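Protein chains: 2
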Amino acid sequence: MRDATQLANDYIALWNERDLARRRDMLAAGWTTDATYVDPLMRGAGASEISALIDAVHARFPDFKFALDGKIDGHGDHVRFSWKLGAQNMEAPIKGTDFVVRDGDRIKAVTGFLDKVPAAA
Amino acid sequence: MRDATQLANDYIALWNERDLARRRDMLAAGWTTDATYVDPLMRGAGASEISALIDAVHARFPDFKFALDGKIDGHGDHVRFSWKLGAQNMEAPIKGTDFVVRDGDRIKAVTGFLDKVPAAA
Chain L
1 MRDATQLAND
11 YIALWNERDL
21 ARRRDMLAAG
31 WTTDATYVDP
41 LMRGAGASEI
51 SALIDAVHAR
61 FPDFKFALDG
71 KIDGHGDHVR
81 FSWKLGAQNM
91 EAPIKGTDFV
101 VRDGDRIKAV
111 TGFLDKVPAA
121 A
Chain H
1001 MRDATQLAND
1011 YIALWNERDL
1021 ARRRDMLAAG
1031 WTTDATYVDP
1041 LMRGAGASEI
1051 SALIDAVHAR
1061 FPDFKFALDG
1071 KIDGHGDHVR
1081 FSWKLGAQNM
1091 EAPIKGTDFV
1101 VRDGDRIKAV
1111 TGFLDKVPAA
1121 A
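Going line by line, the protein sequences match chains L and H.
Using the numbering used here, read the first sequence as starting at 1 and increasing by one per residue.
Using the numbering used here, read the second sequence as starting at 1001 and increasing by one per residue.
Just so you know, nobody snuck in bad clues.
The calculated lysine-lysine pairs, modelled on DSS-like cross-linking and capped at a C-alpha distance of 27 Å, are:
1) Lys1116(H) with Lys95(L)
2) Lys1084(H) with Lys71(L)
3) Lys95(L) with Lys84(L)
4) Lys95(L) with Lys1071(H)
What the hints contain is simulated information worked out from the structure, not anything from laboratory work.
Bear in mind that the values here come from a model prediction, so they are computed numbers and not experimental data.
Build out the structure end to end from the sequences listed, making use of the hints.
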């Protein structure tokens, strides 16, 4: 089974994946079919909706990439990690923390919180 | 309905309440009957088990109190806040972050993570 670190790395790779077909494969392999995602700005359930949320972030921030920020923490079915979103060679303007509930090897629910947002956002 | 700040304050007050009857009242008023709590060290479901977890913390740390630490953050049914546990006039040796899922006005699930633990713990 994926440990918390691998799960978090796979999760960030999904959010950075711009190819729709590869994103579908990643969602099919690592998320339950009815997986949910919710944060203060958006929500979705199932691979199509979650993939569309990721597309929307790419459309809004075409030059930005996600990266893990700090330590990854997990116990039982629960994983917590923080991330940052920004362009290369700049201080990331957006940061957040995500809480994942897993069902065995698959992500079944993600709840996200924002830790840093641009003043203009 | 309680806002995120009130919910977090009530939650901390519950964890500091040493009177069993008052804790039962607080759990009956503010938590669902099947509410769950899980962190890296302990888990429980329902008022009796959750109250027993709180008792166990009081037994282990008789001079310590919980306090909120930093900002309280909520969206939709989700609330996040950090806390510290320690004695008066000392740097808190234990810190954590809790994620709450609410069902209307009541807490239905808490997932806790530890941010700081004593080296000897």
